[in-house]
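Residue strings, one per chain:
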Amino acid sequence: MPSPTKGPRLGGGPAHERLLLGNLASQLFEHRRITTTEAKAKRVRPLAERLVTFAKRGDLASRRRVLTVVRDKSVVHELFTEIAPAMAERQGGYTRIVKIGNRKGDNAPMAVIELVLEPLTAKQATVREAEAATKRAAKNRSQPVRTTLPSKKPAEDAPAAEEPADSAPAEPTDAAAEAPAEEAKESTKPAAKPRSRSTKAKPAKDEA
Amino acid sequence: MAVPKRRMSRSNTRSRRSQWKATPTTLTQTVEGGQVTYGRPHQARVVTDSVGTPLYLEYKGRKVKDL
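Note that the protein sequences, when read in sequence, are chains U and D.
Mind the numbering: the first sequence is residues 1 to 208 in my numbering, read in order.
Mind the numbering: the second sequence is residues 1001 to 1067 in my numbering, read in order.
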């Protein structure tokens, strides 16, 4: 839920701002890309992304919620039937704002706000798959580690027999954990968060 | 409406104006095709053809807007 904006409303008052942002949002959904001032682009972004979230839900109630902001039924239809399926894989971040310099007339900083309609890149998809894989590996690993470790300590004199059995399940999980960690450097911070937690948890388990 | 009581002296006016300063524009360095170019940070860049006619705005390798 976006936090309310501080300071004065856009336009003449609260009602004017609502209308203004609603119109901007419907224009954005109609044309996919609009040019406006930076301030308006920043204010319309949370509203537009929330409307896309409603559209992804796709039921009648959410359609009515969207219709209270975007008055044009044909635009709402387009949003629910064309834009929402394109955004199905995306978890937020449905719009992109690019600053394009100042306007000639009044030197107002302008921006282009557009819907991010490109499909997720292969890299992002693999990162998500790898994340799921590490999560599964961590889950699988936590159970065998407890059972094998006590048995390993008394059998230290004869490790040759046990090592292949111990290292075989451990190595693939390590490799799976390291591969996404390298990708994580390039990926965004929120995506890296859950992974860092999982890597932190791993040494603790090794010590135990 | 508040109105100044006395005329401001030439000295005071000039002292105030002497504080006006131009600030240098912050620029970022980018290398494209072996050539170093400078531009404003986080701003789309104008792409021109060989004659110098502006074609479109580009940011991070993505076409942003036609001109």
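There could be a bad hint or two in this list.
Stated by the list, open to error - DEER-style ranges, computed between Cβ atoms:
hint	chain 1	residue 1	chain 2	residue 2	range
1	D	1032	U	35	34 to 44 Å
2	D	1022	U	117	39 to 49 Å
3	D	1005	U	8	29 to 39 Å
4	D	1052	U	109	21 to 31 Å
5	U	3	D	1035	42 to 52 Å
Said to hold, decoys possible - Derived lysine-lysine pairs resembling BS3-like cross-links, with alpha carbons at most 30 Å apart:
hint	chain 1	residue 1	chain 2	residue 2
6	D	1065	U	42
7	U	99	D	1005
8	U	99	D	1065
9	U	123	U	135
10	D	1005	U	40
11	D	1005	U	6
12	D	1005	U	104
13	D	1005	U	73
14	D	1021	U	56
15	U	123	D	1021
16	U	135	U	99
17	U	73	D	1021
18	U	139	U	6
19	U	104	U	42
20	U	42	D	1005
21	D	1065	U	123
22	U	123	D	1063
23	U	123	U	104
24	D	1021	U	104
25	U	40	U	99
26	D	1060	U	73
27	U	123	U	73
28	U	99	U	42
29	U	56	D	1065
Derived from the structure by calculation, the hints contain no laboratory data.
Ideal Cβ positions, reconstructed from N, Cα and C, are used throughout, including at glycine.
key: Numbers of the earlier hints that this structure fails to satisfy, in rising order   = 1, 7, 10, 11, 12, 13, 14, 15, 16, 17, 18, 20, 23, 26 and 27
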